[in-house]
Amino acid sequence: MSKVRIRSKKSNSFTAVIGGVEVEIFRMRVRTSVPRNQIRQAVARVFAEKEKAIKA
Amino acid sequence: VPSKSPTRYDKQVFINCPFDDDYWPLLKALLFTIRACGFDPRCARERDDGGEVRMEKIITLISECRLGVHDLSRKGADPAHGLARFNMPFELGIFLGAARFGKRAKRLLILATERFDYQKFISDIAGQDIRSHGDEESRLISQVRDWLNTQRGADRLLPGGRMIRRLYEEFQNDAPKLLSIALIAEDEATYSDWISLIQDWVEQKTTVSKKP
Chain B
1 MSKVRIRSKK SNSFTAVIGG VEVEIFRMRV RTSVPRNQIR QAVARVFAEK EKAIKA
Chain Z
1001 VPSKSPTRYD KQVFINCPFD DDYWPLLKAL LFTIRACGFD PRCARERDDG GEVRMEKIIT
1061 LISECRLGVH DLSRKGADPA HGLARFNMPF ELGIFLGAAR FGKRAKRLLI LATERFDYQK
1121 FISDIAGQDI RSHGDEESRL ISQVRDWLNT QRGADRLLPG GRMIRRLYEE FQNDAPKLLS
1181 IALIAEDEAT YSDWISLIQD WVEQKTTVSK KP
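In order, the protein sequences belong to chains B and Z. Residue 44 in the working numbering sits at position 44 of the first sequence, and the numbers go up by one each step. Residue 1114 in the working numbering sits at position 114 of the second sequence, and the numbers go up by one each step.
Treat each hint with caution, since some may be false.
As the list claims (entries may be wrong) - Computed beta-carbon distance windows for the label pairs:
(1) B:Glu51 x Z:Leu1157: 25 to 35 Å
(2) B:Gly20 x Z:Arg1054: 36 to 46 Å
(3) Z:Glu1169 x B:Gly20: 57 to 67 Å
(4) B:Val23 x Z:Arg1156: 48 to 58 Å
(5) Z:Phe1121 x B:Gly19: 40 to 50 Å
(6) B:Ile18 x Z:Phe1121: 20 to 30 Å
(7) B:Lys55 x Z:Ile1094: 47 to 57 Å
(8) Z:Thr1060 x B:Val23: 21 to 31 Å
(9) Z:Gly1102 x B:Val23: 50 to 60 Å
(10) Z:Gly1153 x B:Thr15: 48 to 58 Å
(11) B:Gly19 x Z:His1081: 45 to 55 Å
(12) Z:Leu1157 x B:Gln38: 29 to 39 Å
(13) B:Thr15 x Z:Arg1166: 31 to 41 Å
To be verified - Within a straight-line C-alpha distance of at most 30 Å, the following computed DSBU-like cross-link-like pairs (lysine-lysine) qualify:
(14) Z:Lys1057 x Z:Lys1028
(15) Z:Lys1075 x Z:Lys1205
(16) B:Lys52 x Z:Lys1057
(17) Z:Lys1177 x B:Lys50
(18) Z:Lys1177 x Z:Lys1205
(19) Z:Lys1106 x B:Lys55
(20) Z:Lys1057 x Z:Lys1210
(21) Z:Lys1177 x B:Lys52
(22) Z:Lys1028 x Z:Lys1106
(23) Z:Lys1057 x B:Lys50
(24) Z:Lys1075 x B:Lys50
(25) B:Lys55 x Z:Lys1177
Claimed, not checked - A short list of chain B residues far from chain Z (calculated; beta carbon distances all over 12 Å):
(26) Val17
(27) Gly19
(28) Val21
(29) Glu22
(30) Glu24
(31) Pro35
(32) Asn37
(33) Ala44
Hints listed in this document are in silico derivations from the structure and should not be mistaken for laboratory results. Think of the CB as a built atom: it goes at the ideal place given N, C-alpha and C, for glycine as much as any other residue.
Isolated chain B, as found in the complex (with noise of 0.2 Å):
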């Protein structure tokens, strides 16, 4: 099995030699989406408002 060593961190990027080769490894800014349960009750809460409004 090869050992992953790292040999320099940047601020975005860093080199790590695995089994002998360098390899570049870039970070990758990972954006997660939101719980399906927040974006169902945000879309139920708006509905319910304009209902309110169109009844007030």
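Dock chain Z against the given chain B, drawing on the hints supplied.
Relative to chain B, chain Z alone:
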């Protein structure tokens, strides 16, 4: 057009378009229209698995979709590199190949900025269903709705283009509040967030409209 009740495959729409910020308003309108017409938009952005080979991802998506919308409006050179991007014509070619040699029926719509633009850069697609949107969301909505209406099979008639445009305007007005309540900053909303917002909003609107 399927004559029996549509299956999941019949309702899936593969989207082949640019994913840059300039195109985002058109993509958002396209996603909304497909959803409002009762179809399922599918595109490579839905699967952000960095470990998956992009080509495999695209082939899998195409195999799962009967329909395809291919937007070739961004045919010019990329200002950053001065080179044209070939991904869209390439994916259109895969879809046409799947339609021609695959076992399952496929139908496609090709969008361009102006209707006869394609003759200057990809004349081999002459004879396909090519429509223009002039880079306007309202025209794109009508064109995609009209085409989907020919693909609905035994389903009910789709809402008209004007109705979908009005719904889209309402959704756009609601969007800032929806994002705020869901605690999502607009510049951080992911493709999946937008798909969920559109899907839930359309469902809720349909429910409200059916209320006596």
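message = The hint says 57 to 67 Å between Z:Glu1169 and B:Gly20; measuring C-beta to C-beta, is that right?
response = Since the Cβ atoms of Z:Glu1169 and B:Gly20 sit about 60 Å apart, the hinted range of 57 to 67 Å holds.
request  = Compare the distance between the alpha carbons of B:Lys52 and Z:Lys1057 with 30 Å, and conclude whether the hinted pair is satisfied.
outcome  = violated (45 Å)
query = Are all C-beta atoms of chain Z more than 12 Å from that of B:Glu24?
reply = It holds; B:Glu24 is separated from chain Z by about 16 Å at its closest Cβ, greater than 12 Å.
ask   = Are Z:Lys1106 and B:Lys55 close enough, with their CA atoms no more than 30 Å apart?
value = Since the Cα atoms of Z:Lys1106 and B:Lys55 sit roughly 47 Å apart, the hinted pair is violated (cutoff 30 Å).
Exclusion check [B:Ala44 not at the chain Z interface, CB over 12 Å] = violated (7 Å)
key: Agreement of Z:Lys1075 and B:Lys50 with the hint, judged by alpha carbon distance not exceeding 30 Å   = Violated: Z:Lys1075 and B:Lys50 sit about 42 Å apart, past 30 Å.
request  = Just double-check B:Asn37 for me: nearest Cβ-Cβ distance to chain Z has to come out over 12 Å.
outcome  = violated (10 Å)
key: Distal placement of B:Val17 relative to chain Z, Cβ over 12 Å   = Holds, because the least Cβ-Cβ distance between B:Val17 and chain Z comes to about 21 Å, which exceeds 12 Å.
message = Range first: 40 to 50 Å. Now tell me if the beta carbons of Z:Phe1121 and B:Gly19 are that far apart.
response = Hint holds: Cβ distance 45 Å, inside 40 to 50 Å.
message = Verify the CB-CB distance for B:Thr15 and Z:Arg1166 against the hinted window 31 to 41 Å.
response = Given a distance of about 55 Å, which is not inside 31 to 41 Å, the answer is violated.
inquiry  = Holds or violated: Z:Lys1057 and Z:Lys1028, Cα atoms, limit 30 Å.
reply    = holds (21 Å)
message = If I claimed the Cβ atoms of Z:Gly1102 and B:Val23 lie 50 to 60 Å apart, would that claim hold in this structure?
response = violated (38 Å)
Hint compliance for this structure: hints 2, 6, 9, 11, 13, 15, 16, 19, 20, 23, 24, 31, 32, 33 are not met, and every other hint is.
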